Amino acid sequence: AQSVTQPDIHITVSEGASLELRCNYSYGATPYLFWYVQSPGQGLQLLLKYFSGDTLVQGIKGFEAEFKRSQSSFNLRKPSVHWSDAAEYFCAVGVPGTASKLTFGTGTRLQVTL
Amino acid sequence: DTAVSQTPKYLVTQMGNDKSIKCEQNLGHDTMYWYKQDSKKFLKIMFSYNNKELIINETVPNRFSPKSPDKAHLNLHINSLELGDSAVYFCASSQAGTSIHEQYFGPGTRLTVT
Numbered sequence: 001a002q003s004v005t006q007p008d009i010h011i012t013v014s015e016g017a018s019l020e021l022r023c024n025y026s027y028g029a030t031p032y033l034f035w036y037v038q039s040p041g042q043g044l045q046l047l048l049k050y051f052s053g054d055t056l057v058q059g060i061k062g063f064e065a066e067f068k069r070s071q072s073s074f075n076l077r078k079p080s081v082h083w084s085d086a087a088e089y090f091c092a093v094g095v096p097g098t099a100s101k102l103t104f105g106t107g108t109r110l111q112v113t114l
Numbered sequence: 115d116t117a118v119s120q121t122p123k124y125l126v127t128q129m130g131n132d133k134s135i136k137c138e139q140n141l142g143h144d145t146m147y148w149y150k151q152d153s154k155k156f157l158k159i160m161f162s163y164n165n166k167e168l169i170i171n172e173t174v175p176n177r178f179s180p181k182s183p184d185k186a187h188l189n190l191h192i193n194s195l196e197l198g199d200s201a202v203y204f205c206a207s208s209q210a211g212t213s214i215h216e217q218y219f220g221p222g223t224r225l226t227v228t
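Line by line, the protein sequences are chains P and C. Residues 1 to 114 in our numbering are what the first sequence lists, from first letter to last. Residues 115 to 228 in our numbering are what the second sequence lists, from first letter to last.
Derived by calculation from the structure, the hints in this document are not laboratory data. In this text the structure is predicted, and so the values were computed from the model without any measurement. C-beta: ideal position from N, C-alpha, C; glycine also. Treat the hints with care, as some may be off.
[What the hints assert, rightly or not] Pulled from the structure, derived: some chain C residues nowhere near chain P, Cβ distances all over 10 Å:
(1) Thr-121
(2) Pro-122
(3) Gln-128
(4) Ser-153
(5) Lys-155
(6) Ile-159
(7) Ser-162
(8) Lys-166
(9) Ile-170
(10) Pro-175
(11) Ala-186
(12) Ser-200
(13) Ala-206
(14) Gln-217
[As the list claims (entries may be wrong)] Listed below are the simulated DMTMM-like cross-link pairs for lysine to aspartate or glutamate, each with C-alpha atoms no more than 25 Å apart in a straight line:
(15) C:Lys-158 <-> C:Glu-196
(16) P:Lys-101 <-> C:Glu-216
(17) C:Lys-123 <-> P:Glu-88
(18) P:Lys-101 <-> C:Glu-138
(19) P:Lys-49 <-> C:Asp-144
(20) C:Lys-155 <-> P:Asp-8
(21) C:Lys-155 <-> P:Asp-54
(22) P:Lys-49 <-> C:Glu-196
(23) C:Lys-154 <-> P:Asp-85
(24) C:Lys-158 <-> P:Asp-54
(25) P:Lys-61 <-> C:Glu-196
[Said to hold, decoys possible] Estimated spans, in silico, between C-beta atoms of each pair:
(26) P:Ile-60 <-> C:Asp-132: 35 to 41 Å
(27) P:Thr-113 <-> C:Asn-131: 26 to 32 Å
(28) C:Lys-123 <-> P:Ser-52: 24 to 30 Å
(29) P:Ser-18 <-> C:Thr-173: 25 to 31 Å
(30) P:Ser-52 <-> C:Val-174: 41 to 47 Å
(31) P:Glu-15 <-> C:Ser-153: 26 to 32 Å
(32) P:Gly-41 <-> C:Met-129: 38 to 44 Å
(33) C:Leu-168 <-> P:Ile-60: 46 to 52 Å
(34) C:Ser-194 <-> P:Gln-71: 25 to 31 Å
(35) C:Val-126 <-> P:Thr-113: 31 to 37 Å
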């Protein structure tokens with residue numbers, strides 16, 4: 001069965017600094033990969049997704065992620081963090097051919113200091 | 115226009131009661147889901163319906179029963195509520211059930227069982 005690991009439970013960055021959130025997956029082939037963001041008291045919003053093709057994908061709010069097959073990783077990056085980016089970030093994996101089942105990581109809480 | 119809506123947003127009830135949470139999507143999607151997010155923010159799928167047909171049924175107690183009157187609605191009924199049912203329940207929808215598509219989430223229903 002597939003699994004997702006987000007090694008960092010909590011990350012604090014200063015506003016304007018760059019950000020990288022780590023995500024590693026376990027699956028025998030190339031899965032479908034997603035990053036979602038959850039602001040306090042809100043539902044999850046899709047930031048970006050990777051299905052195939054270009055391994056660097058662009059998302060909303062200035063986020064990007066890079067799929068690295070050799071490292072089984074799909075890290076999320078942003079060049080300059082804004083205070084409004086403070087939220088919980090979830091990486092998720094879907095297995096092609098299964099019935100839309102997503103497996104989520106445990107999330108990384110991002111705190112932004114001014 | 116809210117894409118995926120849930121009612122109620124908050125639900126406080128006593129052990130042993132029966133309660134329902136309603137979900138509606140206006141995205142024209144074929145597939146809907148229920149997820150449970152525990153106090154540690156871990157998100158796990160419970161059920162998925164595709165065109166009113168159950169396609170995912172994870173290991174969930176029989177006290178939980180989803181009902182899909184049409185493909186735009188997926189309700190969750192919970193019998194004999196227990197303390198451990200306290201969580202945030204998210205409804206989601208996606209384009210199709212037999213392949214992986216991004217899922218759109220509702221705002222969540224915070225259930226507190228006392």
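Interface-negative label, Thr-121 of chain C against chain P, beta-carbon threshold 10 Å
Consistent with the label, Thr-121 of chain C stays out of reach of chain P, its closest Cβ about 14 Å off (over 10 Å).
Quickly compare the C-alpha distance for Lys-49 of chain P and Asp-144 of chain C to 25 Å and report which way the hint goes.
Holds, at roughly 20 Å.
Beyond 10 Å from every chain P Cβ - status for Pro-175 of chain C:
holds (19 Å)
Examine each Cβ of chain P, and state whether all of them lie more than 10 Å from the Cβ of Lys-166 of chain C.
Nearest chain P Cβ is 14 Å from Lys-166 of chain C, so the label holds.
Would the least Cβ to Cβ distance between Ser-153 of chain C and chain P come out above 10 Å?
Ser-153 of chain C clear of chain P: closest Cβ-Cβ about 12 Å, beyond 10 Å.
Gln-128 of chain C remote from chain P - nearest C-beta pair above 10 Å
holds (24 Å)
Within 25 Å, alpha carbon to alpha carbon, are Lys-101 of chain P and Glu-216 of chain C?
holds (10 Å)
Ile-159 of chain C non-interfacial with respect to chain P [C-beta, more than 10 Å]
Its Cβ does come within 10 Å of chain P, the nearest being 6 Å, so this is violated.
Pro-122 of chain C and chain P, when compared Cβ to Cβ, separated by more than 10 Å
Consistent with the label, Pro-122 of chain C stays out of reach of chain P, its closest Cβ about 14 Å off (over 10 Å).
Please verify that the nearest CB of chain P lies beyond 10 Å from Ser-162 of chain C's CB.
Its Cβ does come within 10 Å of chain P, the nearest being 6 Å, so this is violated.
Holds or violated: Lys-155 of chain C and Asp-8 of chain P, Cα atoms, limit 25 Å.
holds (14 Å)
Would the non-interface assignment of Ala-186 of chain C survive a Cβ cutoff of 10 Å against chain P?
About 17 Å separates Ala-186 of chain C from the closest Cβ of chain P, which puts it past 10 Å; holds.
The earlier numbered hints that this structure contradicts are 5, 6, 7, 9, 13, 14, 21, 22, 24, 25, 27, 28, 29, 30, 32, 33 and 34.
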